[in-house]
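Chain order of the listed sequences is A and B.
Taking the working numbering, the leading residue of the first sequence gets 1, the next gets one more, and so forth.
Taking the working numbering, the leading residue of the second sequence gets 1, the next gets one more, and so forth.
Any given hint could turn out to be false.
SDA-like mimics (lysine to any residue), calculated; alpha carbons at most 20 Å apart, straight line [to be verified]:
id, chain 1, residue 1, chain 2, residue 2
1, B, LYS22, A, MET41
2, B, LYS104, B, SER85
3, B, LYS37, B, ARG61
4, B, LYS42, A, LYS57
5, A, LYS9, B, LYS22
Covered by chain B, according to a simulated footprint, are these stretches of chain A (three or more residues, beta-carbon under 8 Å) [to be verified]:
id, stretch
6, 19-28
7, 42-53
Think of the hints as simulated: they come from the structure by calculation, not from any bench.
Note that CB positions come from ideal geometry on N, CA and C, so glycine has one too.
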Amino acid sequence: NAGVTQTPKFQVLKTGQSMTLQCAQDMNHNSMYWYRQDPGMGLRLIHYSVGEGTTAKGEVPDGYNVSRLKKQNFLLGLESAAPSQTSVYFCASSYLALAGGSRETQYFGPGTRLLVL
Amino acid sequence: GENVEQHPSTLSVQEGDSAVIKCTYSDSASNYFPWYKQELGKRPQLIIDIRSNVGEKKDQRIAVTLNKTAKHFSLHITETQPEDSAVYFCAASTGGNTPLVFGKGTRLSVIA
Numbered sequence: 001n002a003g004v005t006q007t008p009k010f011q012v013l014k015t016g017q018s019m020t021l022q023c024a025q026d027m028n029h030n031s032m033y034w035y036r037q038d039p040g041m042g043l044r045l046i047h048y049s050v051g052e053g054t055t056a057k058g059e060v061p062d063g064y065n066v067s068r069l070k071k072q073n074f075l076l077g078l079e080s081a082a083p084s085q086t087s088v089y090f091c092a093s094s095y096l097a098l099a100g101g102s103r104e105t106q107y108f109g110p111g112t113r114l115l116v117l
Numbered sequence: 001g002e003n004v005e006q007h008p009s010t011l012s013v014q015e016g017d018s019a020v021i022k023c024t025y026s027d028s029a030s031n032y033f034p035w036y037k038q039e040l041g042k043r044p045q046l047i048i049d050i051r052s053n054v055g056e057k058k059d060q061r062i063a064v065t066l067n068k069t070a071k072h073f074s075l076h077i078t079e080t081q082p083e084d085s086a087v088y089f090c091a092a093s094t095g096g097n098t099p100l101v102f103g104k105g106t107r108l109s110v111i112a
């Protein structure tokens, strides 16, 4: 199993450009998440999805959109990139056993380093 | 919503000493508390977690304690080694579909 994979690994954008960060998992997880990591700020949740076709906003959703058309894929879009979106982006996935509400480990992808000039 | 505070932000210890990182949470309904380790340039990885029906959990040199009354939990690393140097994140969740809320991290340096 590859686990959680992300593409691209590194990207440079100019202000105003758009792009899509891709995330895939092969663990049949129902929940997927997008975080951004900035120095001293920890991991901040951008958007998340608890199942195919459903998405929800996290702590810092402005400037981003997401889509979960397939269970194994979670896409993060930047419509008009800004320098404030320079960050490392991590995708993660987990399986939530709905019966009883137990939670299993959240697995992270290797990250995408984004630089917006 | 949930708020997780983590202290200290940086911690330096001599090799062989113990390290303790503390987190407090605000939502008394939180019931799941994982700890993640992130080495430089790598992804965060789970090292230990604890649920609200347990007060302490150990895994070799790592232990986590939970005080539900005071709403805080701690990571204890004994006999620290240079490879323990990393950023450690605590997190909390109320369960169900509620996402994890992370602390801001602690950079641990183990000095040989």
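Hints and how they fare:
{"no.": "1", "hint": "LYS22/B <-> MET41/A", "verdict": "holds (17 Å)"}
{"no.": "2", "hint": "LYS104/B <-> SER85/B", "verdict": "holds (16 Å)"}
{"no.": "3", "hint": "LYS37/B <-> ARG61/B", "verdict": "holds (14 Å)"}
{"no.": "4", "hint": "LYS42/B <-> LYS57/A", "verdict": "violated (26 Å)"}
{"no.": "5", "hint": "LYS9/A <-> LYS22/B", "verdict": "violated (33 Å)"}
{"no.": "6", "hint": "19-28", "verdict": "violated (count 0)"}
{"no.": "7", "hint": "42-53", "verdict": "holds (count 6)"}
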